[in-house]
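Work out the full structure, taking the sequences as your base and the hints as a guide.
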Amino acid sequence: MAVTLPGNKRPISGRTNEAFLAWLFSAPAIILLIVFLVVPFIMAIVLGFTNQRLVPNLNLPTQIIGFRNFTRLISDEAFLRGLLNNFYFVIVVVPIQTSLALLLAILVNQKLRGMNFFRTIYFGPVVTSMVVVAIVWTFLYNPDAGMINAFLKTVSFGAIGNINWLKDTRLVFPAIMVLSIWQGVGFQMVIYLAGLQEIPSDLYEAGEVDGANKFQQFFYITLPQLRNTTIFVVISTTILAFKLFDQVKVMTDGGPQNASMTTMLYVINQGWGQLKVGYAAAISVVFFLIVLMVSLIQRRFLREERQVQ
Amino acid sequence: MTAATKTSRIGFSMQKRIRNTLTYLVMAALAIFFLFPIVFMFVSSIKNNETQVMSDMSSLYAFIPRGDLGFVNFTDVFGRMEFGKLLFNSTLIMLVTVLSGLLVNSLIAYSLARLRFKGRNFLLGVIVALMIVPFEAVAVPLLLLVNHLPWFGGATTWLDSYHVQIIPFVADAFSIFLFYQFFINIPKDLEEAALVDGAGLLRIYWNIVLPLSRPIFATVAILQALASWNRFMWPLMVTRGVDARPLTVGMQTFFGQDPRIWGDLMAFASMITIPVLIVFLLFQKWFVQSVASTGIKG
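As you go down the protein sequences, you meet chains L and U in turn. Sequential numbering of the first sequence, starting at 2, is according to the working numbering. Sequential numbering of the second sequence, starting at 50, is according to the working numbering.
Keep in mind that the hints were calculated from the coordinates and are not lab data. Be aware that a few hints might be false.
Mimicking DMTMM-like on lysine to aspartate or glutamate, the simulated pairs with C-alpha atoms at most 25 Å apart in a straight line are [unchecked claim]: (1) U:Lys167 to U:Glu241; (2) U:Lys237 to L:Glu19; (3) U:Lys167 to L:Glu19.
Chain U is nowhere near these chain L residues, computed Cβ spacing over 10 Å in every case [stated by the list, open to error]: (4) Ile65; (5) Asn165; (6) Gln218; (7) Ile222.
The C-beta atom is built at its ideal place from N, Cα and C for all residues, glycine as well.
See the structure below:
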């Protein structure tokens, strides 16, 4: 662990020198993390109990208002709608995105020609900016004769068509889910791919000797071996789902009638749009507690696994 | 070889061929799903006639470059917006964030992995804990903070500047963790030998650790560069004009401008996407490895 070798002639002063250098090397990162992460984090908690505004109003000095922000949240329909939408997103997108990612990973992990080519294509959307993705898909969702409507019209022989995707309160959020999966699934595919490549091949050889068919191999070897990868993918996708912002900001700004509102969008619209920093901070605290809970669940699951081993 | 085994072998290879064909069909269908919006974007961007862009979008013509082709939409973008300025801003912010991030994060990670000092375990614990705190949770208080921070030359706010988009993202707990994990797995022999030869720690870091650690530097650089290039929420909050605005926010503003000309929008979108796609295609293996390393070992 230490660089100093046993029997090294370096005196004690060398050791202090080492500690000094260590803190010197660490100082820039520590200072930056404190100023731009720890301090604002503490500010979020403190401000959550005040009516702080972004631009101070001299006639209305900032006051401590106790839990009023939090009690207001409980009856704030837009906030509740946003929170509910985040859970809706998790319930629908996480299972679909995780299984699609696994399917893609298994497909490109085959020993066939051209797999790199397909992997590149599936991963492509990941490097595309979400703002670009949101705008291109807005075009695709065009209500008059957009490509998605035209496609549905063709496959349904004219039964479906001219849907106003982004203006319909029931369809707007599912429409956003589709492009979110499209953009994000390549990321999880690569993580699954790494997981697949770590599975020792003799497990499959043993399975084959025992007469297990491909499906049995998948359910009794692949899935159990990917347990930790799956936990990681599910948890990180869940956390990403709670951070949902870019695409809703660009495409709908939460509309129509808050149908596509999300927690993060509401935080930013309150804190930056309406300058209500105190209120936005209170929502940030709730948001953080959710993320914290999800992360703790992940650590719990992973620790259990280690104990079993 | 008997006739029976021969036919079964032929049957087997037949079966295999059918299965491979099916696999390729499924993979091709998926490839179309992942490609069509991007192809649609590029093809629409080079169609000079907006009426044609609109009439083509409901059929397969949307994917075929036809009619009056050229770069009118692209020149329009430069005419309607300071695209060059936006591109310069995004590039500058990305380069400075990534380069300073590599230095700052690798130095602390090196200390944590190699040097002996009091409070080391505590510091490591804090870094790991900080990985849970998402930037999104501190965005609004940070906005309040940077709104009133002074800067050289007498500025009293950080709004509308480059540094407000760089400095908060230089130190990154997750990058530190990635570096740390890599450094503790490097054999110590070389460094110890250099130490015996009387080399200083900074020289050891520069001449031995850095050259050995190219893969992790590439990984962190790619992850940070992508995050910086695509960052949207924070620059939206801290830039009010075009001076320090990056491409993403410029694109959103352009999207909101009347008249909404889809050909122009697709040209703008293509110009944001092309540089990243080129870099991605060149360093594909590195990109995939970077993403894979964010996962945990199964």
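Cross-check of the supplied hints:
For the hint pairing U:Lys167 with U:Glu241, the CA-to-CA distance comes to about 21 Å; that is within 25 Å, so the pair holds. The straight-line distance between the Cα atoms of U:Lys237 and L:Glu19 is roughly 16 Å, inside the 25 Å bound, and the hint therefore holds. Annotation: proposed proximity of U:Lys167 to L:Glu19 holds, straight-line Cα distance about 10 Å (limit 25 Å). Its beta-carbon lying about 16 Å from the closest one in chain U, L:Ile65 satisfies the requirement of being farther than 10 Å from that chain.
No beta-carbon of chain U is positioned within 10 Å of the beta-carbon of L:Asn165; the least distance is around 15 Å. Here L:Gln218 stays apart from chain U, with its beta-carbon at least about 15 Å from theirs, past the 10 Å limit. Look at L:Ile222: its CB is around 12 Å from the nearest CB on chain U, clear of 10 Å, so calling it non-interface holds up.
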